[in-house]
Amino acid sequence: MSGLMRIGDLQVHQDLPHERLEWKLERVGWVVMALALLAALAGLLGPGPLSRATAGQDGSPLWVQYNRLARYQAPESLQVHIGPGAARGGTIRVWLSREYVRNMELNNIDPEPESVEVGPERSTYTFNLSDSDQPSILMFRFEANRFGKMPAALGLEGGPQVAFTQFIYP
Amino acid sequence: MESVVRALVVYSFLLLLFRIAGKRTLSENTNFDLVLLLIISETTQQAMVDSDHSVSNGFLLITTLVGTSIGLSLLKQRIPVLEKWLDGTALVIVENGRMHKDRMDKVRVDEADVLESARKFQGLERLEQIKYAIVERNGEITIVPAERAQAA
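Taken in order, these protein sequences are the chains called L and C.
According to the working numbering, the residues represented by the first sequence are 7 to 176, in order.
According to the working numbering, the residues represented by the second sequence are 7 to 158, in order.
Treat the hints with caution; some may be incorrect.
Within a straight-line C-alpha distance of at most 25 Å, the following computed DSS-like cross-link-like pairs (lysine-lysine) qualify [said to hold, decoys possible]:
#, chain 1, residue 1, chain 2, residue 2
1, C, Lys137, L, Lys30
2, C, Lys137, C, Lys112
3, C, Lys137, C, Lys126
4, C, Lys126, L, Lys30
5, L, Lys30, C, Lys90
6, C, Lys107, C, Lys90
7, C, Lys90, C, Lys112
8, C, Lys112, L, Lys30
9, C, Lys137, C, Lys107
10, C, Lys82, C, Lys107
11, C, Lys126, C, Lys112
To be clear, the hints were calculated from the coordinates, so they are not data collected in a lab.
Please build the complete structure, drawing on both the sequences and the hints.
This is the structure:
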């Protein structure tokens with residue numbers, strides 16, 4: 007080992023200038039760690055207060071609550087709010103872009119859809135609503151199975167649609 | 007391929023984090039350090055193994071980790087500066103019974119830690135019986151007793 011120093015009788019691998027530099031960097035590292043933790047608490051490194059977002063107007067026929075920032079293979083959910091009167095004849099047909107569905111593993115949909123139709127561009131889910139005059143919430147629970155930007159689009163068949171982008175941390 | 011990248015990322019992250027944490031962090035001074043180390047290993051394992059519990063994935067991860075360790079040790083042999091940065095250096099904190107308070111503060115070592123090591127490894131009772139105390143690269147405090155050094 008090079009860099010051996012002689013201190014009195016002691017032969018030792020000590021390097022004070024290097025050690026001082028390391029102490030400084032250590033302290034910088036601590037600050038970075040603290041900032042990372044604060045960012046995580048705030049929701050900048052995954053789900054949290056700053057990560058929550060909505061697409062579409064609250065109270066409109068269709069609006070969606072989602073997390074802007076999510077994590078790879080972690081449980082995620084998408085809340086699709088259907089406004090009163092959006093359902094026709096007691097059923098509502100919601101489509102999700104194929105691109106979005108391909109990037110996720112859909113674990114469960116609540117309530118369960120009556121049927122699912124898969125097309126080249128969209129997957130369409132049909133739900134029966136008992137009272138279409140009341141707002142209802144559809145819950146899609148999934149895990150992202152790729153990371154990076156994940157563009158999403160969904161809408162009501164023959165009705166409004168919303169688009170948003172989620173970022174998935176590895 | 008993903009397993010190898012995953013193992014490399016985890017290896018680099020842990021290396022960086024433990025260097026930032028400093029020599030003395032998790033150097034098993036207390037029982038809780040050991041507990042913390044176990045929790046960290048458990049957390050790391052989950053991030054690294056993911057959902058692939060196959061034997062081949064396990065072998066691949068282990069080979070990546072050990073291989074990286076061998077590779078770095080070879081590099082460190084050739085490049086002394088790299089060794090300094092990756093492993094750190096030793097630090098003398100007691101010289102002829104006199105403590106370097108400033109250095110001790112920076113590496114978060116106090117008189118009690120020095121005396122504990124002196125008792126444990128050399129059976130010494132007091133500070134003046136210590137000729138040198140050194141915080142080694144792994145955070146351990148080694149002691150050179152005054153009497154033996156004089157006798158030598």
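A quick look at each hint next to the structure:
Distance hint between lysine 137(C) and lysine 30(L) is unfulfilled; the C-alpha atoms sit about 28 Å from each other, more than 25 Å. A threshold of 25 Å between alpha carbons decides the hint, and for lysine 137(C) with lysine 112(C) the separation of about 21 Å falls inside it, so the pair holds. Between lysine 137(C) and lysine 126(C), the direct Cα distance comes to roughly 16 Å. Compliance with the 25 Å bound is thereby established for this hinted pair. Using a Cα cut-off of 25 Å, the hinted pair lysine 126(C) and lysine 30(L) is violated, with the two alpha carbons roughly 31 Å apart.
In summary, the hint linking lysine 30(L) to lysine 90(C) is supported, as the alpha carbons are separated by about 15 Å, within the 25 Å threshold. A threshold of 25 Å between alpha carbons decides the hint, and for lysine 107(C) with lysine 90(C) the separation of about 23 Å falls inside it, so the pair holds. Simply put, lysine 90(C) and lysine 112(C) have alpha-carbon atoms about 18 Å apart, close enough for the 25 Å limit, and the pair holds. For a cut-off of 25 Å, the pair hint linking lysine 112(C) to lysine 30(L) stands: about 10 Å separates their Cα positions.
At roughly 16 Å between alpha-carbon atoms, lysine 137(C) and lysine 107(C) fall within 25 Å of each other, so this suggested pair holds. This hinted pair does not check out: lysine 82(C) and lysine 107(C) have alpha carbons roughly 31 Å apart, beyond 25 Å. Taking the CA atoms of lysine 126(C) and lysine 112(C), the gap is near 23 Å; set against the 25 Å cutoff, the hint holds.
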